[in-house]
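Chain B: place on chain A using the hints.
2 protein chains.
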Amino acid sequence: MAGTGQLAKAERLRALHAPGRLLILPCAWDAASARLFEASGFAAVGTTSAGIAATLGFPDGEKIAFDDLLAVVRRIVASVDVPVSVDAEAGFARSAAEVAANMRRILDAGAVGINIEDEDHERSGQGALHPVEAMLDRIRGVREMGQAAGIPFFINARTDAIRLSAGDDMRAAHDEAVRRASAYGAAGADCVFVPGDLDLAAIRLLVQQIPYGLNIVAKETTPPVAELRDIGVRRLSLGSGPMRATMGLTAQLAGEILAQGTYRTCFDGAMPYGDLQRLLARG
Amino acid sequence: MAGTGQLAKAERLRALHAPGRLLILPCAWDAASARLFEASGFAAVGTTSAGIAATLGFPDGEKIAFDDLLAVVRRIVASVDVPVSVDAEAGFARSAAEVAANMRRILDAGAVGINIEDEDHERSGQGALHPVEAMLDRIRGVREMGQAAGIPFFINARTDAIRLSAGDDMRAAHDEAVRRASAYGAAGADCVFVPGDLDLAAIRLLVQQIPYGLNIVAKETTPPVAELRDIGVRRLSLGSGPMRATMGLTAQLAGEILAQGTYRTCFDGAMPYGDLQRLLARG
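Line by line, the protein sequences are chains A and B. Residue numbers for the first sequence follow the numbering used here, beginning at 1 and rising by one. Residue numbers for the second sequence follow the numbering used here, beginning at 1 and rising by one.
So here's chain A without its partners, still in its complex pose (with noise of 0.2 Å):
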């Protein structure tokens, strides 16, 4: 699979990533939104692991089996001809080594690039991260898997230190984010992901505080694009907005048809027949 347009592919994420550029990276939860999303103009596709698991019938947090995982990442890279990045949570395992092997996976699956984070999945529901170092053995285990594939696989290393702390001490939560989100880019990560709910001065001082490009995740209170641009911003992920804003007009319109029986919200702005069938017939 690591061919000559997979490595096109990796080169082509990393230039989107280069200083004074935005990526806005749309998140996938399917093959249909990903090509959607590309034929919208978007540069490159993410996936959002909250939408996938959705899809699969589960939570979001590593409940879905990992080649269910990758199986979903297939259709999507068969899908576009853009960089994918995929959002592999925690690596779905513990040591530094099965987390390489199944970022290699997600690389043979066709994909250029992840985002991997701190949050202990094994101990959720109470805030827990991965210790500092644990992180850091991932990241460089990655880079090293990487290297030996022969493609330079785009590492956007996440902490969830501030969006595990809401309502906690946001100061110490901020300070523990800039601690982490630094030493992951010393270790090799090409970009650091800090989700959370940030108004445009936190977000301004993350990007003074962190030596390496900040990747953020939309939400309903973010800064404008242009904004975000403005201060040095290097990605910004949607996260699983678009996903959760189909389901959200999914039960609107289906709370229409079961309360007024008529289908104004289904079929209001619904893509015709026609358009879905030619966005899916490439290739």
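Just so you know, these hints were derived from the structure itself, not from any lab. Some hints could be false.
Said to hold, decoys possible - Heads up, simulated EDC-like pairs for lysine to aspartate or glutamate below, C-alpha to C-alpha not over 20 Å straight-line: (1) 219/B / 230/B; (2) 63/A / 98/A; (3) 219/A / 230/A; (4) 219/B / 256/A; (5) 219/B / 268/A; (6) 219/A / 268/B.
As the list claims (entries may be wrong) - Only part of the chain B face toward chain A is listed, based on derived beta-carbon distances under 8 Å: (7) 17; (8) 250; (9) 271.
Claimed, not checked - Now the stretches of chain B that chain A is said to cover, found in silico as 3 or more residues with beta-carbon under 8 Å: (10) 24-30; (11) 223-230; (12) 253-267.
No experiment lies behind these values; they were computed from the predicted model shown. For every residue, glycine included, the Cβ atom is placed at its ideal position computed from N, Cα and C.
Quick look at chain B alone, frame taken from chain A:
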């Protein structure tokens, strides 16, 4: 698989089609949509062939592998307690025996009914239908399969006579639909499905002319549920409408983010992350 739980679901699906009732059947494209439809209050869940194909990266029309359809059906069945009916297109096979064997695999996946249509996918684009006799053999074969399995497997036999004649002689198409649907019912179909752009007068005529329960599909112009119930329609399928609604919304939110750099369409009606987690956290 064909245990008492599945028997009860098959009987439940049958009861939902009793004279005087109108079953609104929402058509799922993955486990998340199925789970959401059940949680919204629908009494049964169908599937959309166009939607499932799209999530796998293919256009509609038996382009996906039958095994891949089965995998999706298993996930949908595992995600809901209500009866599941599967859109099996034209059966993914040529001979009646092969079609029956495929439908047995759908039954073994936990579903308790199917749609089977007379469009000939090997001659698609030409508006070609299988000969009536070939369709009758298929219906009889599936009926015998259900009896052998000990499950009153619900057969919804669909004629594409009107749908594929759009723009041609609509009177002849209507008559052909009545002739085919009546023959399918006589051969043992439990309900007959006539998709197409039909106004209230055309639907009423079909109800009067076809001596079997009638299923229609919701379109932009379909009369409200109460009017359909009044004239005796037995099932209203939502078809690919809800899935196409989600694709339309995704295109719209992508356009807003790329053109304006804002996220209103994405987040204004999005299901909150916690709600999505709770929806999927069952069992």
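Evaluation of the provided hints:
1. 219/B / 230/B: 18 Å, holds
2. 63/A / 98/A: Holds. Residue 63/A to residue 98/A sits at ~17 Å (cutoff 20 Å).
3. 219/A / 230/A: 18 Å, holds
4. 219/B / 256/A: 15 Å, holds
5. 219/B / 268/A: 11 Å, holds
6. 219/A / 268/B: 11 Å, holds
7. 17: Since chain A brings no Cβ nearer than about 18 Å to residue 17/B, farther than 8 Å, the hint is violated.
8. 250: At 5 Å from the nearest chain A Cβ, residue 250/B passes the 8 Å test, so the hint holds.
9. 271: Check passed: Cβ of residue 271/B comes within 4 Å of chain A, closer than 8 Å.
10. 24-30: Answer holds; 3 residues pass the 8 Å Cβ test.
11. 223-230: Answer holds; 3 residues pass the 8 Å Cβ test.
12. 253-267: holds (count 12)
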